[in-house]
Amino acid sequence: MLNGKSILITGGTGSLGKELTKTILEKWPQVRRLIIYSRDEQKQFQMAQEYPASEYPMIRFFIGDVRDLERMERAFNDVDCVIHAAAMKHVHIAEYNPDECVKTNIGGAENVIKAALSCGVTDVVALSTDKACAPINLYGATKLASDKLFIAANNIKGKQNIKFSVVRYGNVMGSNGSVIPFFQKKKETGILPITDPAMTRFNISLADGVKMVLHALEHAWGGELFVPKIPSYRITDIAQAIGPDCEHPVIGIRPGEKIHEEMITSSDSFTTYDLGKYYVILPQVPNWNLDEYISNFNAQLVEQGFNYTSGENEDFLTVEQLRELIATHL
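Position 56, counted from 1, in the sequence shown is what the working numbering calls 56; the numbers after and before it change by one each time, with no gaps.
Any given hint could turn out to be false.
Listed next, the in silico DSBU-like pairs over lysine-lysine satisfying Cα-Cα at most 30 angstroms (straight line) [what the hints assert, rightly or not]: (1) K211 / K277; (2) K211 / K18; (3) K114 / K211; (4) K229 / K148; (5) K277 / K43; (6) K277 / K18; (7) K148 / K18; (8) K211 / K148; (9) K103 / K43; (10) K187 / K159; (11) K159 / K5; (12) K187 / K148.
Hints are computed from structural coordinates only; laboratory data are not their basis.
Based on the provided sequences and hints, a complete structural model is requested.
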């Protein structure tokens with residue numbers, strides 16, 4: 001699928017970007033170019049040590065910010081596929097610095113779209129988050145706006161051969177800033193603070209997140225928002241799995257946090273289809289034949305009123321399963 005192509009990953013030095021890089025090089029060693037685009041000079045330096053130019057001549061490290069359209073157009077030159085992973089992601093930081101979050105998550109999305117359209121890119125996959133579904137915090141609101149921008153971009157492409165799609169999933173196990181590495185560090189203190197005993201979250205591994213991005217890259221027709229079928233966990237079970245002998249004081253939720261996360265609301269059910277391994281929320285007015293899409297993917301429309309939340313999920317990870325996953329993936 002990607003051999004002979006040029007791929008660019010925004011936010012490429014992050015957890016998912018690094019896993020994408022590893023997977024792409026393993027599965028498609030004949031990729032023409034793989035461009036790691038990010039603004040963090042130190043992370044690029046460190047990643048370049050893992051992929052020296054003498055062994056990986058196809059990799060390019062490109063310093064730049066998604067806020068800078070001119071720089072992005074330079075980076076997108078002669079690129080086939082773009083995976084947009086760059087974002088401000090910490091809920092409480094976004095609440096305190098709203099204008100910065102808007103500039104990166106919404107303005108950056110606009111710049112990705114403009115650069116892709118002006119540079120002849122053929123496929124764009126943007127990463128979303130469960131917090132973009134019925135958002136109550138600024139981070140989620142900016143990512144919802146980003147999702148809408150990428151979906152609507154399919155309406156302004158004209159005759160250009162380009163597809164924009166979105167993938168939305170929950171917490172990536174072990175990603176930077178997530179609860180598991182936080183608890184692992186706090187374990188040494190003997191205290192694992194619990195925000196709320198009822199709190200639940202969706203969980204996905206880095207590897208499965210990458211598979212989903214690549215699925216969208218290969219199968220999207222343009223305008224889809226893909227959602228994986230993944231398990232949930234209880235925050236109390238994570239604490240028990242990592243530090244059963246620790247104290248677990250309840251400290252209350254932080255500004256902008258939800259008790260349970262959502263990925264599909266009941267209002268989305270009218271355009272949500274079951275694809276087997278994934279759900280997909282289709283655009284309300286697709287620019288392709290809906291019946292042909294349904295037939296091609298054996299897509300089944302979900303029941304009206306269907307919603308998908310971490311608290312009402314049918315699949316919950318047990319404490320022992322969490323221990324096994326942590327031991328395997330971290």
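Hints versus structure:
1. K211 / K277: holds (11 angstroms)
2. K211 / K18: Holds: K211 and K18 sit about 13 angstroms apart, inside 30 angstroms.
3. K114 / K211: holds (26 angstroms)
4. K229 / K148: The hint holds at about 22 angstroms.
5. K277 / K43: Distance of about 34 angstroms is beyond 30 angstroms: violated.
6. K277 / K18: Holds, because 24 angstroms separates the two Cα atoms, which is no more than 30 angstroms.
7. K148 / K18: holds (26 angstroms)
8. K211 / K148: holds (23 angstroms)
9. K103 / K43: Within the cut-off at roughly 22 angstroms; holds.
10. K187 / K159: Not OK: K187 and K159 at ~56 angstroms, beyond 30 angstroms, violated.
11. K159 / K5: Given pair K159, K5 holds - Cα atoms ~21 angstroms apart, limit 30 angstroms.
12. K187 / K148: violated (40 angstroms)
Violated hints, listed in ascending order, are 5, 10, 12; each of the other numbered hints is respected by the structure.
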